[in-house]
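Engineer: Sequence:
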Amino acid sequence: MPMTVIDIRNVFSDRHIEIIDINPSYIYYFEEKNEEGRNELFLLEYNRKTRKERLVMNYTLDDPTYMEHIYSFDKTIVMVLENGSNSFWLIEIDKKTGGELNRRKVVCTGAFRECKPLDSEYLLIYMGPDEANAEVFSKYKEIKGCDCLCYLYNIKTNQKYLVNAAMINRIGGDNIKPITVESLPYLLLLDPFAEESVKEHYYSEQRWVSADIRDNIWLSKTSEVEMDIEDGKEAVTRKCIASADIKALVRYMGMDDHKVYFRAKEFRSGTEKICSYDITTEALQIEATPGGFNNDTFYMIEEKPFKMFAVTVSKNKTTVVGLINSEARIVYDNTLGQFMTCIDNRYCVTKKTVFSEESQREFTYFYLYDAHLEQYESYECNCLVKGDTLVLY
Numbered sequence: 057m058p059m060t061v062i063d064i065r066n067v068f069s070d071r072h073i074e075i076i077d078i079n080p081s082y083i084y085y086f087e088e089k090n091e092e093g094r095n096e097l098f099l100l101e102y103n104r105k106t107r108k109e110r111l112v113m114n115y116t117l118d119d120p121t122y123m124e125h126i127y128s129f130d131k132t133i134v135m136v137l138e139n140g141s142n143s144f145w146l147i148e149i150d151k152k153t154g155g156e157l158n159r160r161k162v163v164c165t166g167a168f169r170e171c172k173p174l175d176s177e178y179l180l181i182y183m184g185p186d187e188a189n190a191e192v193f194s195k196y197k198e199i200k201g202c203d204c205l206c207y208l209y210n211i212k213t214n215q216k217y218l219v220n221a222a223m224i225n226r227i228g229g230d231n232i233k234p235i236t237v238e239s240l241p242y243l244l245l246l247d248p249f250a251e252e253s254v255k256e257h258y259y260s261e262q263r264w265v266s267a268d269i270r271d272n273i274w275l276s277k278t279s280e281v282e283m284d285i286e287d288g289k290e291a292v293t294r295k296c297i298a299s300a301d302i303k304a305l306v307r308y309m310g311m312d313d314h315k316v317y318f319r320a321k322e323f324r325s326g327t328e329k330i331c332s333y334d335i336t337t338e339a340l341q342i343e344a345t346p347g348g349f350n351n352d353t354f355y356m357i358e359e360k361p362f363k364m365f366a367v368t369v370s371k372n373k374t375t376v377v378g379l380i381n382s383e384a385r386i387v388y389d390n391t392l393g394q395f396m397t398c399i400d401n402r403y404c405v406t407k408k409t410v411f412s413e414e415s416q417r418e419f420t421y422f423y424l425y426d427a428h429l430e431q432y433e434s435y436e437c438n439c440l441v442k443g444d445t446l447v448l449y
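Each residue of the sequence shown is one higher than the one before, starting from 57 at the first, in my numbering.
Mixed in with the good hints there might be a few duds.
As the list claims (entries may be wrong) - With a straight-line cut-off of 30 Å between C-alpha atoms, the simulated DSS-like cross-links for lysine-lysine are:
id, residue 1, residue 2
1, Lys-295, Lys-216
2, Lys-360, Lys-295
3, Lys-295, Lys-152
4, Lys-108, Lys-407
5, Lys-200, Lys-152
6, Lys-303, Lys-216
7, Lys-195, Lys-152
8, Lys-407, Lys-373
9, Lys-200, Lys-303
10, Lys-212, Lys-289
11, Lys-212, Lys-277
12, Lys-152, Lys-216
13, Lys-289, Lys-216
14, Lys-277, Lys-200
15, Lys-89, Lys-161
16, Lys-89, Lys-131
17, Lys-161, Lys-108
18, Lys-197, Lys-289
19, Lys-360, Lys-442
20, Lys-233, Lys-442
21, Lys-321, Lys-295
22, Lys-360, Lys-151
23, Lys-89, Lys-105
24, Lys-321, Lys-277
25, Lys-161, Lys-303
26, Lys-131, Lys-152
Hints were generated in silico from the structure; no laboratory data involved.
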């Protein structure tokens, strides 16, 4: 697809906003302001066709200790407000009308640690030990081997379920990746044994190790995971799509509309391969074997949709070569700064930070380099890239 540039700097001039969703019709974002001594949170919508901004909803944040976690879905925005205590506020908002669909205070055991939306109806809530429940968490760790409690919370019914599946507790929200393939929602469950250096250490000492030292990447249907947790099962229904024992390593890298990409490394030979698993066909294949570049080369990836680049920085030039899902072959001058991404195999987005001695401030510039025309434009603003869409704000 050709690149699309959305320039909304005039809308956001002198404003500090955070974008939460970009889709073909709208951009959703939020802005915090202090008005007459009150902290206000505004949820807003920008119509890409009419180029007009609409206020979806605004809230007064009475307690400055609260942090907001905001998630955008097809028809709703879900906001979780928490301050690390044993409770949080859940607010569900209709995107079209701005009306509140749900607003509740939810109480759990322990101290709020993190949350992870599985879809528009369900959240995973992770709670860590607090002073009042230290003994409960200590006993739970002895039984389950986890230092946190996890709840599945149903936004629509206001019901919460204690998660008995130890793996869901153990891997945490960052290792749970929702993915939709042909309109069917799935969850990637990333289950690495430990950091790469730790696992390689175990490999070097493997003659003394009897435990099953293993990395796994699991695939589950979202609805099955939710039902298994509601039923109190101690394991969720899942399928292993990649695994490595003590002699090797498997690490998730990214996804597109039907494939999961991961890095596989054999410790003995040092060989690395970038592989993919196709969710629709169940086919495994090797996508790339990094190598053949000099020591000045590093690799950059975009997680979703997945792309991989080899970037070589010489004295005056930077060379970008697309390895997976990109056919880019671009060279640009180092004065344009560090490489961020490439769009449409033609446009490089780069970033440069300059410190001003006069003002004692840092200024950040983004450059859009057209490799076909060998020309560039510079922008002193914020920049966000999603797929083939570049947003300047």
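Engineer: Is Lys-108 within 30 Å of Lys-407, Cα to Cα?
Structural biologist: Distance of about 29 Å is within 30 Å: holds.
Engineer: Keeping to a limit of 30 Å between CA atoms, is the pair of Lys-152 and Lys-216 held or broken?
Structural biologist: With Cα atoms ~27 Å apart, Lys-152 and Lys-216 stay inside 30 Å; holds.
Engineer: Does Lys-212 pair with Lys-277 here, judged by a C-alpha cut-off of 30 Å?
Structural biologist: 20 Å, holds
Engineer: Mind checking the alpha carbons of Lys-295 and Lys-216 for me, to see if they're no more than 30 Å apart?
Structural biologist: 26 Å, holds
Engineer: Verify the proposed pairing of Lys-89 with Lys-161, using a straight-line Cα cut of 30 Å.
Structural biologist: Roughly 24 Å between the alpha carbons, so the hint for Lys-89 and Lys-161 holds.
Engineer: Take a quick look at whether Lys-89 and Lys-105 sit within 30 Å of each other, Cα to Cα.
Structural biologist: 27 Å, holds
Engineer: Going straight from one Cα to the other, do Lys-89 and Lys-131 come out at no more than 30 Å?
Structural biologist: 26 Å, holds
Engineer: For the pair supplied as a hint, Lys-197 and Lys-289, confirm whether the alpha-carbon distance does not exceed 30 Å.
Structural biologist: 18 Å, holds
Engineer: Holds or violated: are the alpha carbons of Lys-200 and Lys-152 at most 30 Å from each other?
Structural biologist: 43 Å, violated
Engineer: Decide if the proposed pair is consistent with the structure: Lys-360 and Lys-442, CA atoms, cutoff 30 Å inclusive.
Structural biologist: 8 Å, holds
Engineer: Within 30 Å, alpha carbon to alpha carbon, are Lys-212 and Lys-289?
Structural biologist: It holds: about 22 Å lies between the C-alpha atoms, which stays within 30 Å.
Engineer: Against the 30 Å threshold, does the CA-CA distance of Lys-195 and Lys-152 hold or violate the hint?
Structural biologist: 46 Å, violated
Checked against the numbered hints listed earlier, the structure breaks hints 3, 5, 6, 7, 17, 25; every other hint is satisfied.
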